[in-house]
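Student: Place chain Y on chain U using the hints.
There are 2 protein chains.
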Amino acid sequence: MTDLTVMGTRAKAAARECGKTGTNDKNEVLKAVADALLKNESAITEANKRDLKLAKENNMKPAMVDRLTITKNRLEGMAEGLRQLTALEDPIGEVTRMWTRPNGLRIGAMRVPLGVIGIIYESRPNVTVDSFGLTFKAGNAVILKGGSDSLESNRKLVEIIREVLKEKGHNPDAIQLIEDTDHAVVTELLHLNAYVDVIIPRGGKGLIKHCVENSSVPVIETGTGNCHIFVDESADIPKAVQIINNAKTQRIGVCNACESLVIHENILNKALPAIIDELKKSNVEVRGDEAALAADSRVVHATEEDWGTEYLDYIISVKTVKSVDEAIEHINRYNTGHSESILTKDYENSQKFLKEIDAAAVYVNASTRFTDGFEFGFGAEIGISTQKLHARGPMGLLALTTTKYIIYGDGQIR
Amino acid sequence: MTDLTVMGTRAKAAARECGKTGTNDKNEVLKAVADALLKNESAITEANKRDLKLAKENNMKPAMVDRLTITKNRLEGMAEGLRQLTALEDPIGEVTRMWTRPNGLRIGAMRVPLGVIGIIYESRPNVTVDSFGLTFKAGNAVILKGGSDSLESNRKLVEIIREVLKEKGHNPDAIQLIEDTDHAVVTELLHLNAYVDVIIPRGGKGLIKHCVENSSVPVIETGTGNCHIFVDESADIPKAVQIINNAKTQRIGVCNACESLVIHENILNKALPAIIDELKKSNVEVRGDEAALAADSRVVHATEEDWGTEYLDYIISVKTVKSVDEAIEHINRYNTGHSESILTKDYENSQKFLKEIDAAAVYVNASTRFTDGFEFGFGAEIGISTQKLHARGPMGLLALTTTKYIIYGDGQIR
Chain U
47 MTDLTVMGTR AKAAARECGK TGTNDKNEVL KAVADALLKN ESAITEANKR DLKLAKENNM
107 KPAMVDRLTI TKNRLEGMAE GLRQLTALED PIGEVTRMWT RPNGLRIGAM RVPLGVIGII
167 YESRPNVTVD SFGLTFKAGN AVILKGGSDS LESNRKLVEI IREVLKEKGH NPDAIQLIED
227 TDHAVVTELL HLNAYVDVII PRGGKGLIKH CVENSSVPVI ETGTGNCHIF VDESADIPKA
287 VQIINNAKTQ RIGVCNACES LVIHENILNK ALPAIIDELK KSNVEVRGDE AALAADSRVV
347 HATEEDWGTE YLDYIISVKT VKSVDEAIEH INRYNTGHSE SILTKDYENS QKFLKEIDAA
407 AVYVNASTRF TDGFEFGFGA EIGISTQKLH ARGPMGLLAL TTTKYIIYGD GQIR
Chain Y
47 MTDLTVMGTR AKAAARECGK TGTNDKNEVL KAVADALLKN ESAITEANKR DLKLAKENNM
107 KPAMVDRLTI TKNRLEGMAE GLRQLTALED PIGEVTRMWT RPNGLRIGAM RVPLGVIGII
167 YESRPNVTVD SFGLTFKAGN AVILKGGSDS LESNRKLVEI IREVLKEKGH NPDAIQLIED
227 TDHAVVTELL HLNAYVDVII PRGGKGLIKH CVENSSVPVI ETGTGNCHIF VDESADIPKA
287 VQIINNAKTQ RIGVCNACES LVIHENILNK ALPAIIDELK KSNVEVRGDE AALAADSRVV
347 HATEEDWGTE YLDYIISVKT VKSVDEAIEH INRYNTGHSE SILTKDYENS QKFLKEIDAA
407 AVYVNASTRF TDGFEFGFGA EIGISTQKLH ARGPMGLLAL TTTKYIIYGD GQIR
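Respectively, the protein sequence lines represent chains U and Y. Quick note, the working numbering runs 46 ahead of the 1-based positions in the first sequence. Quick note, the working numbering runs 46 ahead of the 1-based positions in the second sequence.
If we strip away everything but chain U, and leave its shape as in the complex, we get (with noise of 0.2 Å):
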């Protein structure tokens, strides 16, 4: 197995050279290796091919063939990822902060990269590109350990990587590649404290629960969403159906989608009918208690797990309130601490449901696939972390930074 300490320490010692890098020496090796990709094209989808034609003898299902398939359109998408970096304004450096104390010291906060960041994710080659451009151009190393159907294709894309961070003057360890398929070397990675600053799992469920629950290096959690929207007794109805129709039906498979309706009673028989007549158009099926069932012939019984379930499908759960109150208390029991919207015109209500809702977004009249670094104006995004420590919500550069003091002081001693 390789050895990870070595692996660690080279790691380290690229993030303390990726730190000092410039911000036009940063972008110079980002355009470089967009072009690189291009270049490499035949290379990197033969080594594609042979790690699809692996999956296919192992029965993978298609939509996970799908994933692990780099098409020409796709690595054209990947080298404009990277170009798009370019023009993100560098984070590093940056004094968030600087106040003077009576004794005379400037304290101030100086944004850093985080050091050493662990990747671990499924077997979608993108993801090695998309992951190496976002953690350098934050100043850190990366050590990344994708899944191993997708080890031919990532191995290549690291390699193109590696060349271009020597060719322009680089150490070429600010990207290593965990080559080892033995599940062993993913707890070694997750208890690698000396050397890696966070694990960053990017993947399903069972991936990031796995990371959580045995690392020892801080893990960000990337989360699921069990998203809600609570239609108020004074929603626009119109507007409503918009929102909710595209919270549900724009991408089904997506964390940000709405899972769950919560309707106050005064307007259920006024707006659940239009609603389903919407939903209906994309076939999605209604799930509801005995109010939604009495009040519109379309909805089938939910049981008590509908609640808690994130269906990425064309299903949807209907809950029935009394008041904004109860409908908070619902959110906060079942929801995943993702994305949770409130469609109202009353004023105290919005409020409310802003303050009191525990989650990482929370909306009032809009739709709750907004959630996103694109949308919310970060230029990228790593994730949408779904805990509370460090970045919560959608993770662009920052989240991959920390900060230290920095103080000027002319001989103070306490």
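Keep in mind the hints are simulated off the structure, nothing from the lab. Any given hint could be a false lead.
Since the list gives no way to pick out one identical chain from another, each pair is judged satisfied if it fits inside one copy or across any two copies.
With a straight-line cut-off of 25 Å between C-alpha atoms, the simulated PhoX-like cross-links for lysine-lysine are [what the hints assert, rightly or not]:
(1) K66 to K368
(2) K398 to K214
(3) K66 to K398
(4) K327 to K285
(5) K212 to K326
(6) K251 to K58
(7) K102 to K85
(8) K401 to K66
(9) K214 to K401
(10) K58 to K368
(11) K391 to K66
(12) K107 to K77
(13) K118 to K107
(14) K58 to K401
(15) K316 to K326
(16) K85 to K107
(17) K58 to K398
(18) K401 to K316
(19) K102 to K118
Tutor: Frame of chain U; chain Y shown alone:
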């Protein structure tokens, strides 16, 4: 054993209430607890005496007995600490920035409580009161697990605080104490992810290490300090003497004390004797490399182990270097990411040191002893983080909060 899921459920419910409690109401509680502590002095010291009796029977070390002891004076200190918290700005509800997207969505980052905080500490009853004050002011509920030797004292203190909460119409579960002395309860607390948002260990190296290595709940690591002072060749020697003496001897047992000197070879012969003259007034043992041994006969031989040791004692190590780069390399290799200082008159070296040293606090021409929540002007301190995620350096009330995005829309869909 206590059913921690019951405790967790109660804490979560209390946290919701704490998060909604206004600043004036929170301050009222803090003042009332301060009063109640003083009013119940005899009951508290009685309980403390029971702990002390057992501790002495168990041959507890004098330093630990001292930490366990509650005197009238110390009780007044605890009450005063709570009163001081009332003067601090309430961090909750602040919207740190707000911007408008092209589609008209207004997105803001609002500061909110973390939720439920677990604090694990040793037999120091003052931490019980202090932890409650800080977590409550920042709108959180706290679950405490103190050292078993302080159980009687903690039980009485928590009883008094809960009584005040009830009297003032608040949920007493804003503070709960785990009374089990079974070690398994700590393990369970460290895996209570469904209820506890963060664990903060407050205590020695062993306790912190145990939490970091075994917790699936995120941990804020408050670490040890192997702090260095680098005497550059252009340093002002009289100032250097004062700063080093202050950083080493003003209080030896603390994490921001200086443990190691790094000296430029060109100033060694002039600076080291003057520094040692001053340190010898406090009988500091000086352990150095070959060059330091040659420069002053009072230096004894340092081994490799010395470079990585946090003495917390009247001992200091001396390493000689040829350049600021070598100094930075040495410090980044052996430090614990706490506090490091350069003494110099050189502009370029000061900037290089500030930029390249990897630590929570990096100083120019000042004592490392200033790394402290009060000295930084935060008005309170829950500890000094030596990790990079979430909070780094002295942690005040802000470290006990997170943010959530609030989004104002008027019907936006994607």
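Student: 25 Å Cα cut-off: does K212 pair with K326 within a copy, between copies, both or neither?
Tutor: Result: close neither inside a copy nor across copies, 56 Å intra and 51 Å inter.
Student: At most 25 Å between CA atoms: does that hold for K327 and K285 within a copy, between copies, both, or neither?
Tutor: Classified as within; 17 Å inside a copy, 78 Å across copies.
Student: At most 25 Å between C-alpha atoms: does K401 with K316 qualify within a copy, between copies, both, or neither?
Tutor: For K401 and K316, neither the intra-copy (28 Å) nor the inter-copy (62 Å) Cα distance is at most 25 Å.
Student: Give the relationship of K102 and K118 under a CA distance limit of 25 Å: within one copy only, between copies only, both, or neither.
Tutor: Within one copy, since 20 Å is at most 25 Å while 75 Å is not.
Student: One pair to classify: K401 and K66, alpha carbons no more than 25 Å apart. Within, between, both, or neither?
Tutor: between (41 Å within a copy, 8 Å between copies)
Student: Indicate which option fits the pair K66, K368 if close means a Cα-Cα distance not exceeding 25 Å: within, between, both or neither.
Tutor: Between copies only: 21 Å across, 58 Å inside.
Student: My question is about K391 and K66: at a cut-off of 25 Å on alpha-carbon distance, are they close within one copy, between copies, both, or neither?
Tutor: Result: close only across copies, 23 Å inter versus 51 Å intra.
Student: Classify it for me, K107 with K77: is the Cα-Cα distance of at most 25 Å met within a copy, between copies, both or neither?
Tutor: This pair counts as neither: shortest intra-copy Cα distance 34 Å, inter-copy 63 Å.
Student: Quick one: K118 to K107, C-alpha cut-off 25 Å, is that within a copy, between copies, both, or neither?
Tutor: For K118 and K107, only the intra-copy Cα distance (22 Å) is at most 25 Å; the inter-copy one is 70 Å.
Student: At most 25 Å between CA atoms: does that hold for K316 and K326 within a copy, between copies, both, or neither?
Tutor: Result: close within a single copy only, 16 Å intra versus 86 Å inter.
Student: How would you label the pair K214, K401 (within, between, both, or neither) given a Cα cut-off of 25 Å?
Tutor: For K214 and K401, only the inter-copy Cα distance (23 Å) is at most 25 Å; the intra-copy one is 50 Å.
Student: For K58 and K401, with the copy left unspecified, which applies at a CA distance of at most 25 Å: within, between, both, or neither?
Tutor: between (41 Å within a copy, 16 Å between copies)
Checked against the numbered hints given earlier, this structure breaks hints 5, 7, 12, 16, 18; the rest are met.
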